[in-house]
Amino acid sequence: MPESRYPKEVVLKDGREVTIRILRETDADALCGFYRNLDAAVLWYMKENPCDPAVVAKWLQKQKEGNAFSIVADLDGKIGGHGTLLFRRHGGRNHVGRLRIYVASDHRRIQLGTWMIFDLIKYAMERGLEMLRTDFVVGVDDLAIEAVRKLDFVTEGLLRDYVKDENGNDRDYQIMIKRLHRDWSDF
Amino acid sequence: MAGAFPEYACYSPIISRRETLVQIASQKESNVTVAFSEDGRVVGLAVLDFPAAGERWLRVGEKVMMEVAAVEVSRAYRSLGISTCLLNRIVDHPFREQRIFFMVGYSWTWDLDGTGLDPMAYRSMMVRLFAKEGFQTLQTNEPNVMMRPENLFMARIGSEVGDDRKLRFKRVRFNMDG
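Residue numbers (the working numbering), protein chains in the order written: chain A, 884 to 1070; chain B, 46 to 223.
What the hints contain is simulated information worked out from the structure, not anything from laboratory work. Computed from a prediction, not measured in an experiment: that's the story for all the values here. Honestly, I wouldn't trust all of these hints.
What the hints assert, rightly or not - Quick list of simulated restraints, FRET-style, between CB atoms:
(1) Asp222/B x Gln944/A: 40 to 50 Å
(2) Pro890/A x Glu142/B: 19 to 29 Å
(3) Thr129/B x Gln944/A: 37 to 47 Å
(4) Arg992/A x Ser124/B: 39 to 49 Å
Where is the CB? At the ideal position from N, CA and C, for every residue including glycine.
Only chain B is shown next, with the shape it has when bound in the complex:
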């Protein structure tokens, strides 16, 4: 992975260490998808994992929520449809219809410098990307999401998720499940 996701002045990749990916991939039910160039270099990656300890999403229920924690493509390989493929593979999970997959988009983690997009254009790009896999934009009062208007929360609710879980998910989004 060395050199695939270097740090730039205004942008640092979410995951840049091989050990981190291996550690996530070794967990039962997590998904890690990697894109390689023809010469074997890592040029893209995506991660689907359970929320970290302490996050509100755990309150929806045991193993209900899974986060698309990263979708990264190396700058030289962008606009080739790699992120669409990565996302498609990462959500191809055996329990996808029983789970709620979500993503949070914080503009301070976006490579605006490399894409030349302003935050709202980047946001729209993310919405289009995730909408292809059935994710919808939802409201939440999660403080980091609320911090900037362009920040984003999207989720894909599996077709077999029950109404009680959906209701709990809604209330957890607003911290009203207590």
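Here chain A stands alone, though its shape is the one from the complex:
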């Protein structure tokens, strides 16, 4: 099982060492704390408020039920990043995974997010998924957009003025897709 390959050690661009491991139930408080420390602007665009322990408890339950797979970046016992792959187990979208990655502001630009995305791509491929989708707010998630573009995600949709910022200004919403090859024809 792919899960047996965790934890994974990674050395970041600045020389710091990080362990990428599966999210555990005992991480609930630390994960809430991680989100509380994120910029308010980042939290604003999330569909749920992860600073609320009930939201994190729901996520953990989803993982337990096999509808999600979450990893965290553990830096000396502190969560520095959280990545999730969401699945649909039946229906017309069960070949698509939804990818979400959040990295603490002091751990950006050192490839932590890239390692986590790369890890979840591998996991998705091992699960037999054919496509990954990840959504971004243009002008807010530009660093992340650039990072996933380097990993062959392409823009498949742009919803103009779809979301509003804290001040009521319209922002574009970008849908990015990565197709996961299964045979030679995609190489």
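Chain A is already provided as a structure; the job is to place chain B on it using the hints.
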């Protein structure tokens, strides 16, 4: 070896010349293991050798790293357990506990056409094969490994390898040893 490892449309064996094998086998401490059919034809081979000049793995230390550079079995002789035997013999090295053996798996060298497996299934097969000999999947930013998600880096760290070497190995994997 003629005809044992022919080239196919989507697959070329890593080693197909007898001279290459003889040259590697003649080097001190390298291992070459060959499987023969009953009529004396080569049907499988495995190679354990030091990394090539210029490779980052040399920075871990002198004669610390050795690469399982090839494990090949002729198409007609697959699924018979030959690769398991070859790998078992190739890592049966007098210095196995003082060394770090590693392998890199690049999907563009895999015989997906001949096995009928998709890249991730092939990858899983490789992981299972090497795990039997104590290899574990490790992360590295080596560009060729990073090029495709299914590419693979595995290593077996000998029980007598010191902590300082292990740490250096970790940092070399990420080019952070400078």
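Cross-check of the supplied hints:
1. Our hint of 40 to 50 Å for Asp222/B and Gln944/A holds, since their Cβ atoms are close to 43 Å apart.
2. The supplied range of 19 to 29 Å is met by Pro890/A and Glu142/B, whose beta-carbon atoms lie about 25 Å from each other.
3. Between Thr129/B and Gln944/A the C-beta distance comes to about 41 Å, which sits within the given range of 37 to 47 Å.
4. In this structure the supplied range 39 to 49 Å holds for Arg992/A paired with Ser124/B, their Cβ-Cβ distance being about 47 Å.
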